[in-house]
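S.K.: Top line first, the protein sequences correspond to chains A and B.
Per our numbering, residue 1 is the first one in the first sequence, and the count goes up by one each step.
Per our numbering, residue 204 is the first one in the second sequence, and the count goes up by one each step.
The reader is advised that the hints may include incorrect statements.
[Claimed, not checked] Take a look, some chain B residues computed to stay more than 10 Å from chain A by CB distance:
1. Glu-219
2. Thr-253
3. Pro-258
4. Ala-264
5. Thr-351
6. Ala-352
7. Asp-368
[Said to hold, decoys possible] Where chain A lies over chain B, by a calculated footprint (3+ residues, C-beta under 8 Å):
8. 222 to 229
9. 233 to 246
10. 387 to 395
None of these hints come from the bench; they were simulated from the model.
We put the CB at the ideal spot given by N, CA and C, even for glycine.
The residues making up each chain are set out below.
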Amino acid sequence: MHTEVAASVRRSTTDTGEQRVREDGDDVVAARFQAGDDQALAVAYQRWSGLVHAVALRSTGNSADAADITQAVFVSAWRGRHGYDPAKGSLPGWLMTITRRRVADHWEERSREDRRMSAAALATTEDPAEPPSDFIVDRVLLADELERLGQPQRKIIELAFFQDLTHAQISGLLDLPLGTVKSHIRRSLDRLRTRLEVDGAAL
Amino acid sequence: MLHCDDDELSIIALGEPASASDEAHLQSCPRCQSRLDQLSAVVTSARGITEADRPTDPPPAVWEAITSELGMDSLSNVTSLAAAPSRRRRAAPWLLAGAAAVAGVLVGVVVTAGVTSGTGSADLLASASLGPIDDSGFSGSAEVEQTTAGPILHVDVPGLPDVDDGYYEVWMATPDATTMVAIGTMNPGSEATFPLPAGMAVDAFPVVDVSVEHFDGDAGHSAISVVRGQLQT
Chain A
1 MHTEVAASVR RSTTDTGEQR VREDGDDVVA ARFQAGDDQA LAVAYQRWSG LVHAVALRST
61 GNSADAADIT QAVFVSAWRG RHGYDPAKGS LPGWLMTITR RRVADHWEER SREDRRMSAA
121 ALATTEDPAE PPSDFIVDRV LLADELERLG QPQRKIIELA FFQDLTHAQI SGLLDLPLGT
181 VKSHIRRSLD RLRTRLEVDG AAL
Chain B
204 MLHCDDDELS IIALGEPASA SDEAHLQSCP RCQSRLDQLS AVVTSARGIT EADRPTDPPP
264 AVWEAITSEL GMDSLSNVTS LAAAPSRRRR AAPWLLAGAA AVAGVLVGVV VTAGVTSGTG
324 SADLLASASL GPIDDSGFSG SAEVEQTTAG PILHVDVPGL PDVDDGYYEV WMATPDATTM
384 VAIGTMNPGS EATFPLPAGM AVDAFPVVDV SVEHFDGDAG HSAISVVRGQ LQT
């Protein structure tokens, strides 16, 4: 028994009211967030800052910009929480919407700067390569949802997605009946599609 | 007219050929075609995933900046929570682009199947992401796999430096960390694999911890951990 380690594990999991909120479902956290419960902000940050940050990092390719965008997203989400309606969409979906907007602002500002700097040179910056952030949001959400799949679903869908194996090959490789492989694939695809619908849809 | 089976549509979305009857039906059924289009879009996006698309925690300073900007300084103590092991962070070898990773997955599956053929299948029992403790800056992964020889634990913590006058030790602990089992020593720069003690109730020790130990004759945990995480099935 090692009390220091025990204490540090406890410290990281049972502080104050966070414990209660941390165990709440996403919809309960969303309702608390909307109602102004600041512990819910902390939980929302724990659950979804990784998504926001990944989208920002992927869209800007710059870690300082990604940190700034992440900060701006949570600050404006909190300040604008009265404009969020949990009945109309998930909280992570709303955060993704704000993230998209912030990424777009970032690129707009960047292109303004570019234009200013290169106006004399008549550089072709009228249509700067704006990153397709919807695709980025989708991929980040899908990567997250894939990690949440249990086994053997995850292994099956990995083999189908990333090794291009047919369901018959997967069935042979994992020694699972064909029908089982097919229904796992159908359920996993459905789950991924639902995740995009719930958290990826622009509100 | 019978609609396409959802299982079949999923397989078709993955690129397998449709049967002649499904093919004919899809030509004339907007409902099934639209469903197939939705699933195909998911497949296309998913196949475009790379390592860079995995959710990544922002640096701790971001949370501090948020609480400070919002004037919620009392909340800033949850910074540690953002890095707590409860945060799900699993290894995702399938996201590593490239043939090496692809071959690795396949070889892994085949070897596993080969070793255990006839005596039941080896399987991943649980996995954990190992997050940094006290800003150690390291993270890694752990997996418990069932083999015919009993459960084994794989631990991988990339980039660990050498320890002055010491070494790394892997532990498994109860969720409240009141009871810890020393699993074995681990050298920096390599993935370690340990057979778990026969009869050990793995479920009761879901916390995987890597500590820095010194050659001091004390068999107990030094209380200096570099990474820790909780196994999830």
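S.K.: It remains to establish, for every hint, whether it holds in the given structure.
M.R.: The hints, checked one at a time:
1. Its beta-carbon lying about 6 Å from the closest one in chain A, Glu-219(B) breaks the requirement of being farther than 10 Å from that chain.
2. The Cβ of Thr-253(B) does not lie farther than 10 Å from every Cβ of chain A; its closest approach is about 8 Å, which violates its non-interface assignment.
3. With a least beta-carbon separation of about 3 Å from chain A, Pro-258(B) fails to lie farther than 10 Å from that chain, contradicting its non-interface assignment.
4. For Ala-264(B), the non-interface assignment is contradicted: its Cβ lies about 7 Å from the closest Cβ of chain A, within the 10 Å cut-off.
5. Chain A leaves Thr-351(B) outside its interface by the beta-carbon criterion, the shortest separation being 15 Å against a cut-off of 10 Å.
6. The Cβ of Ala-352(B) sits about 19 Å from the closest Cβ of chain A, beyond the 10 Å cut-off, so the non-interface label holds.
7. Non-interface status of Asp-368(B) relative to chain A is upheld: no Cβ of that chain comes within 10 Å, the nearest being about 20 Å off.
8. Only residues whose C-beta sits within less than 8 Å of a C-beta in chain A count toward coverage, and the stretch 222 to 229 of chain B has 0 of them, not enough to reach three; the restraint is violated.
9. Residues of the stretch 233 to 246 of chain B lying with their CB closer than 8 Å to a CB of chain A number 4, which satisfies the three-residue condition for coverage.
10. With 0 residues bearing a CB less than 8 Å from a CB of chain A, the stretch 387 to 395 of chain B misses the requirement of three and the coverage assertion fails.
When held up to the earlier numbered hints, the structure conflicts with 1, 2, 3, 4, 8, 10 and fits the remainder.
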